[in-house]
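Enquirer: This is what each chain is made of:
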Amino acid sequence: MPRNAASKKGSSSRSWKDISQEVKPKAMSSTAWKRLQVGRLKRIGLALVVAIVAIGALRFATNVNHGPRLLNTAGKELPVRHVEVVSDGVLGKEWILNQLDLDALGNNLLKIDVASVQQEFEAIPQVKRAQIEKQYPDTLFISIQEREPIARIVARNASGERLRLLVDGEGVVYEGVHYDSSLINVLPYLDIKGLKKEDGRFLKIEGLDEVGKLLSEAKSIAPHLYRSWKVVSLKDSPHIIVRSRTVKEARFEPKNYRRQLAKLDYIIDYNRSRMMGQVAKVDLTLGAQVPVKATVFTQ
Amino acid sequence: MHKSKVIAGVEIGTNKVAVLLGEIQEGKSLNVIGFGHCSSRGVLKGEIIDFYEASDCAHAAILAAENQAKVKIDGVYLALSGGHIRGRSSEASVNITSTDGRVTREDIEHVSAMAKERDLPENCAVIHHLRRPYALDGRMVEQPIAMEGERLEANYWTVYGDDRIISDAIHIINGFNLHVDDVVLSGLASSVAVATLEEKKNGVLVIDIGRGSTDYAVFMNGRCMSAGCIPIGGDHISNDLSIGLRIRLKQADSLKHRYGSAIVEHKDKTEKVWLNNDLEIGDRLVPLWSIEKIVELRVRELFNVVRKKLGALARPERLPAGVVLCGGTSHLRNIEICTADVFETRARIGDNGAMASEELRDSQYSVALGLLHYGLRYQNEHDHVTQRNRGFMGKLKGMFQKV
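So the sequences go chain by chain: A and B. Note that the numbering used here has the first sequence beginning at 1, numbered continuously upward. Note that the numbering used here has the second sequence beginning at 1001, numbered continuously upward.
In case anyone wonders, no lab produced these hints; they're calculated from the structure. Some hints could be false.
Stated by the list, open to error - In silico DSS-like cross-links for lysine-lysine, where the CA-CA straight-line distance does not exceed 25 Å:
#, chain 1, residue 1, chain 2, residue 2
1, A, K34, B, K1070
2, B, K1005, A, K17
3, A, K281, A, K219
4, A, K281, A, K193
5, B, K1272, B, K1250
6, A, K34, A, K24
7, A, K235, A, K248
8, A, K204, A, K193
9, B, K1072, A, K24
10, B, K1028, B, K1070
11, B, K1116, A, K17
12, B, K1072, A, K42
13, A, K193, A, K248
14, A, K193, A, K213
15, B, K1072, B, K1016
16, B, K1005, A, K42
17, A, K196, A, K128
18, A, K128, A, K204
19, A, K134, A, K93
20, A, K196, A, K235
21, B, K1070, A, K42
22, A, K34, B, K1072
23, B, K1072, B, K1005
24, A, K204, A, K255
25, A, K111, A, K134
26, B, K1005, A, K34
27, A, K255, A, K230
28, A, K219, A, K235
29, B, K1016, A, K26
30, A, K204, A, K230
31, A, K263, A, K213
32, A, K26, B, K1072
33, A, K213, A, K248
34, A, K193, A, K235
35, A, K219, A, K248
36, A, K213, A, K196
37, A, K34, B, K1016
38, B, K1309, B, K1201
39, A, K17, B, K1072
Computed from a predicted model, the values in this text were never measured in an experiment.
Just chain A, same shape as in the assembly (with noise of 0.2 Å):
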């Protein structure tokens, strides 16, 4: 109660517990104003630990409720930025990444399914095998091995159009794209029985890897008689005929393509120097002995 108040309520009633105890700011020794000021900083810094324990706390109780819903939203903050693409072929990055149209796996590195996009590349008959890795935080690499074409086909669709198909080792048929026709013009083509067809695929051709083993031979040890073959024919399997410019008809058996190869290699050697003509047939199928069919050489 100030002084004037209490003079005027009178004396009789006037004790020291009416004095006013405010604290004023000029009755405070500096002692007094530094503890006051520590006073406050440590209620301040209370309150702040204590805020933060809270919101600690909260976000806590909200993770462990909501916790696969956070790890989802999380994924959203991790766009792919960068996509790496490897091929041992002719498919080219601009062509993959076609196939690959991140826009419709929503170009998020969390939620794309490294599985089913290896399986998507792996359905293109072109490739032979797919390999997909996330590499975060925002690359997807993508590493490609493409089949290698051993020979031509000829076939027709449905509505009866030529088409110019390929084919591998393993005699998996398709649509060869990107490829240099310098490199698919030295092909030979493939005569067999019949190709067949299911749900709009070509069938893999049974027994072509004998094929294969004797045009690898033939491109890496004899690469002139390679190129001069037109024709490659299992009609009479399980020999292979090869038709080309030089031999019109030479019977391979299964085995020891190298012997064979480079007996009919001398052969044709042979027959040029001697100039009897062009070998209309070789039959290297009898071991030592080999019959060979002659045309008259006209020059």
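Position chain B relative to chain A; hints supplied.
Expert: Coordinates of chain B only, in the frame set by chain A:
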């Protein structure tokens, strides 16, 4: 969980500021947990003459005690002293109006209120209403409820002082962001520490002689019959020595401590002592008889003033337990002999031995220690802290104030 409260007993004296912190547990037991001490400045004869100097000293002592105890203080019990403090008897009487002629609680409340209502001088504030025993038809009774009688008399010893001087002392404590729960006359506070309950029942006079003032309280039948303060203390003895021997005040103070005696022990007037005792230029011999005589005269004068103030209460037959001395000046040699001679009763130097550890046993800490015990005894009546912290917000605020 035990409910505890930390209170401080603060004495802002002329010589020193003493602060004791006590922890009251469940209102039953008191543990002294902190002690702060600072030489005083800005205080003369128990009254504040320089607010900021006195604040600095008091706050330093409180902070020291707080730091020692590592607690926050809930409330302060403040000792008051100085020449402004006066006392007077306030009496009132009522007729017993109940049909059976027995005293009721309402009769007591009525007569007590009437006794306390008497006007005070201008600009004065009541410090204590000390109740003396009731008188029922002229016979002294401690508790008259249900006793038969016709006339009940209540008698209070009202202690009051200048409200501006009391405000200054309270505002020093408020300046440290603390609340004063109660103010207590220094003499009353020290009597709690140095006088036993048995002495108070028998009749005892407690005199606390400080540097600037002397507080006194006389007890009979376990109740304080009178208490007051006179603005004479140890400094006046030094001052008289300074004038009488024509020496500086500091030298006089030194002589008082070294050779001062409240009775003349050395009758040989030729016996002399060195003034400074350093045998340097300016040092000289002073008659020992003169020192003792001046001190004795001054001490006798002091006790005679007290005796005159107390009047009939100071008669030897009313003080069978004698006089108990405390305060810094009570260390003066032979002072108890002088006291016994003046009051014609036995006298002793009080100490706090019954309730304090070794370092607080000296009677110069009696006031602060007594304040704590005063706080323990009366805290239920004066528990402002609890009132302030009432309610949810109050408790929350209290929690933060604890930090």
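Enquirer: Hint by hint, note whether the structure agrees.
Expert: Each hint, compared with the structure:
The hinted pair formed by A/K34 and B/K1070 meets the criterion: a straight-line CA distance of about 16 Å does not exceed 25 Å. A C-alpha spacing of about 21 Å is found between B/K1005 and A/K17, which places the hinted pair at or below 25 Å, so the restraint holds. Pair hint A/K281 plus A/K219 holds up; C-alpha atoms about 21 Å apart against a cutoff of 25 Å. Under the criterion of a C-alpha separation no larger than 25 Å, the hint pairing A/K281 with A/K193 is consistent with the structure, at around 21 Å.
Only pairs whose Cα atoms come within 25 Å are accepted, and B/K1272 paired with B/K1250 is accepted, the gap being roughly 19 Å. For a cut-off of 25 Å, the pair hint linking A/K34 to A/K24 stands: about 14 Å separates their Cα positions. Of the supplied pair hints, the one linking A/K235 and A/K248 holds, its CA atoms being roughly 16 Å apart against a limit of 25 Å. For the proposed pair A/K204 and A/K193, the alpha carbon gap of about 13 Å is at most 25 Å, so the pair holds.
For the hint pairing B/K1072 with A/K24, the CA-to-CA distance comes to about 20 Å; that is within 25 Å, so the pair holds. A C-alpha spacing of about 22 Å is found between B/K1028 and B/K1070, which places the hinted pair at or below 25 Å, so the restraint holds. Under the criterion of a C-alpha separation no larger than 25 Å, the hint pairing B/K1116 with A/K17 is consistent with the structure, at around 15 Å. Distance hint between B/K1072 and A/K42 is fulfilled; the C-alpha atoms sit about 13 Å from each other, no more than 25 Å.
Annotation: proposed proximity of A/K193 to A/K248 holds, straight-line Cα distance about 20 Å (limit 25 Å). Taken as a hint, the A/K193 and A/K213 pair is honoured in the structure, with Cα atoms around 20 Å apart against an allowance of 25 Å. Proximity of B/K1072 to B/K1016 is assessed by CA-CA distance (about 22 Å); at most 25 Å being required, the pair is judged to hold. Restraint check for B/K1005 and A/K42: the C-alpha separation of about 21 Å stays at or below 25 Å, so the hint holds.
A hinted pair counts as satisfied when its Cα atoms are at most 25 Å apart, and A/K196 with A/K128 qualifies at roughly 20 Å. For the proposed pair A/K128 and A/K204, the alpha carbon gap of about 13 Å is at most 25 Å, so the pair holds. Pair hint A/K134 plus A/K93 holds up; C-alpha atoms about 17 Å apart against a cutoff of 25 Å. Distance hint between A/K196 and A/K235 is fulfilled; the C-alpha atoms sit about 15 Å from each other, no more than 25 Å.
At roughly 14 Å between alpha-carbon atoms, B/K1070 and A/K42 fall within 25 Å of each other, so this suggested pair holds. Only pairs whose Cα atoms come within 25 Å are accepted, and A/K34 paired with B/K1072 is accepted, the gap being roughly 15 Å. Of the pairs offered as hints, the one joining B/K1072 and B/K1005 holds, with about 10 Å between alpha carbons and a cut-off of 25 Å not exceeded. For the proposed pair A/K204 and A/K255, the alpha carbon gap of about 23 Å is at most 25 Å, so the pair holds.
For the proposed pair A/K111 and A/K134, the alpha carbon gap of about 11 Å is at most 25 Å, so the pair holds. As the CA atoms of B/K1005 and A/K34 are separated by approximately 24 Å, the hinted pair is consistent with the 25 Å bound. Only pairs whose Cα atoms come within 25 Å are accepted, and A/K255 paired with A/K230 is accepted, the gap being roughly 21 Å. In summary, the hint linking A/K219 to A/K235 is supported, as the alpha carbons are separated by about 22 Å, within the 25 Å threshold.
Proposed proximity of B/K1016 and A/K26 is supported: the alpha carbons are some 23 Å apart, at most 25 Å. The hinted pair formed by A/K204 and A/K230 meets the criterion: a straight-line CA distance of about 22 Å does not exceed 25 Å. The suggested pairing of A/K263 with A/K213 holds, with an alpha-carbon distance near 17 Å, which does not exceed 25 Å. With a CA separation close to 22 Å, the supplied pair A/K26 and B/K1072 stays within the 25 Å bound.
A threshold of 25 Å between alpha carbons decides the hint, and for A/K213 with A/K248 the separation of about 21 Å falls inside it, so the pair holds. Between A/K193 and A/K235 the alpha-carbon distance is near 6 Å, which keeps this suggested pair within the 25 Å criterion. Between A/K219 and A/K248 the CA atoms are separated by roughly 19 Å; this keeps the pair inside 25 Å, and the hint holds. Among the hinted pairs, A/K213 with A/K196 is consistent with the structure: their alpha-carbon atoms are about 23 Å apart, no more than 25 Å.
Restraint check: the Cα-Cα separation between A/K34 and B/K1016 comes to about 23 Å, which is no more than 25 Å; the hinted pair holds. Taken as a hint, the B/K1309 and B/K1201 pair is honoured in the structure, with Cα atoms around 21 Å apart against an allowance of 25 Å. For the suggested pair A/K17 and B/K1072, the alpha carbons sit about 23 Å apart, so the restraint of at most 25 Å is met.
Against the hints set out earlier in the document, no violation occurs for any number.
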